[in-house]
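Take a look at the letters that make up each chain.
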Amino acid sequence: MDTLLFIVFAIVAVACALNLILQSHPISSALSLIGVMCSLAVLYLLLGAEFIAMAQMIVYGGAVMVLFVFVIMLMNAGAEKRSGKSWFAQFAGPPLLVLFAAVLAFLILRAVPKLRTVEFGTWVGGTAEHIGQMLFTEYLLPFEVISILILIAIMGAVVLASKEID
Amino acid sequence: MPHLPPVPLSWYLVLSAILFVLGVAGFLYRKSIITVFMSIELMLNAVNLSFVSFSYQLRRIDGHIYSFFVMVVAAAEAAVGLAIILTVFKNRGTLQIDEVDSMKR
Amino acid sequence: MNFFLISLIKIVIVFGVFMTTLAYLQWVERKVLAHIQSRTGPLRVGPHGLMQPLADVFKLLTKEDLLPPYVNRIFYLGAPFIAVALALISISIIPFGPEIAVAGTRTYMQVGDVNVGVLFVLAIAAISVYGVALAGWSSNNKYSLLGGLRSSAQMISYELPLTLVIVSPLLLANHLSFREIGNSQAGYYLGFIPRWNIFQMPFPQIFGFIIFMIAAFAETNRIPFDLPEAENELVAGFHTEYSSMKFACFFMAEYANMVTITCVATLLFLGGWQPLFPAPYSNYVPVAVFLFAGVLCFLHAVRPARKRDRYTFPVFALAALALAILFALPWFQFVLAPIFWFASKVGFLLFTYIWVRGTLPRFRYDQLMHFAWTFLFPCALINLLLTALFVAIF
Amino acid sequence: MFGNFQPHAAEYLRFLPEIVLCVFGIAVMMLEAVTNEKQKLSLGVISLIGIVAAFAANLWSHTDLGAAFQNMLVVDNYGIFFRGLVLVVGLLCVLASFSYLQREGAQTGEYYALILFSLVGQCILATASDLIMVFIGLEISSIATYILAGFLRDDPRNNESALKYFLLGSFATAFLLYGIAWVYGLAGSTNLDEIRRVLEQPQRMSIVAGLAAGLIFVGLAFKVSVAPFQMWAPDVYQGAAAPISAFMSAGPKAAAFAVFFRLFMTSFRPIDARWIPLVWGCALLSMIVGNFAALVQTNVKRLLGYSSIAHAGYILVALTAASSIGVSAAMFYLASYALMNIGAFVVISYIAARHERHVRIEDLAGLGYREPVTAALLAIFVFSLIGVPLTGGFFAKFYVFQAALDSHLIWLTVLGLINSAIAAYYYLKIIVAIYMREPGEAVAELPAPAASLRAAIWASAFGTLILGIFPSSLLSFVSISASSFR
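Residue numbers (our numbering), protein chains in the order written: chain H, 360 to 525; chain E, 561 to 665; chain A, 596 to 989; chain D, 24 to 509.
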């Protein structure tokens, strides 16, 4: 069952990611990205990370991507124009990227020893309880410090997007 | 229902690598600013998958905490980044990245 | 295989009941609104217009399905399905009752048990914005776009107080699973005040419940917050360009969201399936209610207002009496009593929805946003802080 | 399962500079709402006080070194040095911003608050000893700086600068994170010392560890603008407001280098055979790209942008040496680079006039006659950037190349020296413009510099000269600080 789920959602994720970089309209890309995020959420569930799966849906799917879709709609951005790229980028780029992916995949498959197999339900570490306990003990400082980041982001968005400077 | 063998964790990692490289490709080849930004988000998602997979391998949830922080940072980055993109759009009326090149040598 | 079979049965039951509820909710709404306004409402199709939902379905199915030429086809066609699919998903994790044993198999009155059920509902709510936003955008019509953007902005804004206020009952229950939250509200103070979260010590969630309901009204785009569909400014909002089944999808999604959110409210604040009265008395309540209904129907049949009532009311009365008998039997009582309590609470909240619709005028858009950010949000925050403080102290 | 996680008072004291900065940042942000247009300057003064207070707290934390918060931070001499450095950078930039913002009519509290928050991130970077803190510190510093780069939002150049900085910065973050994920997967921990302990064991997975180190290297190389990951730097430095360019080229860069050295000299030290060639190549490429591209520039800010790439190359030479001498040389280099670069940018911001109309080399023409003092100070900065004796820049280069020679990097040293000679050409163009040209239109209408601006310029010049004449004053401290890296 979980093998089937993995295969289906891995294919969906890759297809959506490809669609993201092949579509010319930003809104199609945005929806493809939502597709990637939702299928990743399912994979997180398979890996026993329930809390992260839900956070993925809420934060990425519900907050970040809504922002993207909004901005695209607000700017009424049309399809992008394809412009000429350099010879190098046109012909040498894709093989190099494929090579990069192949090297990564090779290293993962060959050089990393003793990886487990994934069986759903054998390990559920990522419940909200565990995450919470970890977050408020060992990771207390990063948790507190990241609030500064959110403060900056709020302030920055206000400064850049709304506030008038004479 | 046919019985399929369980998936090795390395497949998850390979999937993460593929998504990461696709994100890099989008960053390099797309011309719309907003799509370029979305490619970056795709890369961050790929990284999150790696974190969660390694967590499964190590049977520790530090990786979950990491991906949680990555999400928070991504949200903050999205707010700021889209605000920046909006200001660019207001001033220039374009989202083509190669038309944003007023800097001269 | 047993697990799959039981799950399948549960899915069929829940889906069937849910869809019927959706269909008749609309009938109930029309009836109640009509009576609020001293009208009679649907009356022609079937006794008391009871066949009206079916007629509506036929009407919508057979209507001409328009596809405007200037729309963005894929998203235009996809949006209603996104909306309705996401609206129907959430019901699957709502528990309607405690653990029961049917034919020796113990099971929960819930399609799927998710440990992080509350988060699941929030996740689905978070991404259900897309249906509306895409519908508005892909219609390629400025009224639709404005309606879509407005309603998504509204949903996002009200999601904040909603989420904040949900946290307080979670703090009291110390769990994220709906079933555990329901279980944690069992029992009574002083033998008669139920330990529902709106009465739960150390900090009763009365205010939380009110804030939740206000935000829920806005979340589901209902009056007084139905700005996206403000017909005097925006024609019909995001679904201006939709007709026939595609329109029906949005319609259904709205009602499904209403039902889901009232179920969540019931579970989080009103004790879910926990009865209002302590054990021996609570068992008599359903019997008494249905007996009363049956007697009432008989009385109406004796003095019919219309000619047809002479035949229909006895049927209703018999049905009510049959239910009363069913509730008197111990085994059925065990299974059905929790559902009765759950359904009656949900029904009460749904009635409130309709009641409010018949009573209140609509907000202006800026008032709506102002209300969310400057009043509701701080209130929800204060409620959360106080709850956390009390929970920490006691 | 859960030990005692209650932080001690001593841990808070070690973290005090960041706390002080946060408190002042929030205070400035709140006060912004209640001050009118005329009182905005006082917000700048408050943030100055905040930075000074944080500096004092930093000095105080010197008395009690150690780790804090479950080893998320480690306050050692190295960390204190970089915290002090970024605080000085912040101080000078705030001083230089007063008159600039006045001129552009953009005097707001948010600007100062963002600088303070950005400094929080950089202070965290200076003391981070866990990869999660590295990540969060980097993001706090970067995101605040993205906003600052585009702060004058009606100016298209500012937008463009912010956009490029933001896109490339986030791209780099993704690489850094992917590297962190791999390190976590291999070592099972993200604590820097713990990673080192794992990597020191027999080299089972050293290829993968090398890959992880490479990904992290790419991420950090973007942040410090090292070739071939430098393409954003000239555009960003040219487009942003001059005080912000000064800030970006000194503060975040120094903090990123602090992490860079700490990470590669602790965690990845056991696998140095894998990353040293990479660093070697990037160091050389940066020097060449930076210097040769700078030769043809006419815009001073852009020229300084390219020169900052070259300087990043010199600092990487110190990392290639992979020794404690190299680390101390880099620390010295970063300190003197920060001072002289800020000084140069501040003088440019003074000459630039409203909306930065005058930022080309010919706009400097005749500055020596109109404003002899400012011109002389600019000359000091430029000479220091070249590396002329009696300035900080000289000893900075001297120590770096000495460290390289100590580690037998003869070729890199020779090529580096040749590069310095080439660099002299474009720097001298500035000197020629100042002293050997007739005053142009830009200089003719120049008002006298404001007191705050003069203070910033004088302070930077003073620092540059001190480092040039009494290098041992700093050198003894940095060599003690760097002695823990072997």
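Treat the hints with care, since some could be wrong.
Computed list of lysine-lysine pairs in DSBU-like fashion (alpha-carbon distance at most 35 Å, straight line) [stated by the list, open to error]:
no.	chain 1	residue 1	chain 2	residue 2
1	A	Lys737	A	Lys658
2	H	Lys440	A	Lys737
3	E	Lys591	D	Lys63
4	A	Lys658	A	Lys605
5	A	Lys654	A	Lys605
6	A	Lys737	E	Lys591
7	E	Lys650	D	Lys61
8	E	Lys650	A	Lys658
9	H	Lys440	E	Lys650
10	E	Lys591	H	Lys440
Keep in mind that the hints were calculated from the coordinates and are not lab data. Owing to the predicted nature of the structure, the values given are computational and were not obtained by experimental measurement.
How the hints compare with the structure:
1. Lys737/A x Lys658/A: Holds, because 25 Å separates the two Cα atoms, which is no more than 35 Å.
2. Lys440/H x Lys737/A: Status holds; Cα separation ~25 Å.
3. Lys591/E x Lys63/D: violated (40 Å)
4. Lys658/A x Lys605/A: holds (34 Å)
5. Lys654/A x Lys605/A: Answer holds: Lys654/A to Lys605/A is near 30 Å, not above 35 Å.
6. Lys737/A x Lys591/E: Cα-Cα ~27 Å, so holds.
7. Lys650/E x Lys61/D: holds (29 Å)
8. Lys650/E x Lys658/A: violated (44 Å)
9. Lys440/H x Lys650/E: Between Lys440/H and Lys650/E the Cα gap is close to 19 Å, so the pair holds against 35 Å.
10. Lys591/E x Lys440/H: Satisfied, since the Cα-Cα distance of roughly 7 Å is no more than 35 Å.
Violation of the numbered hints given earlier is confined to hints 3, 8; the remaining hints are satisfied by the structure.
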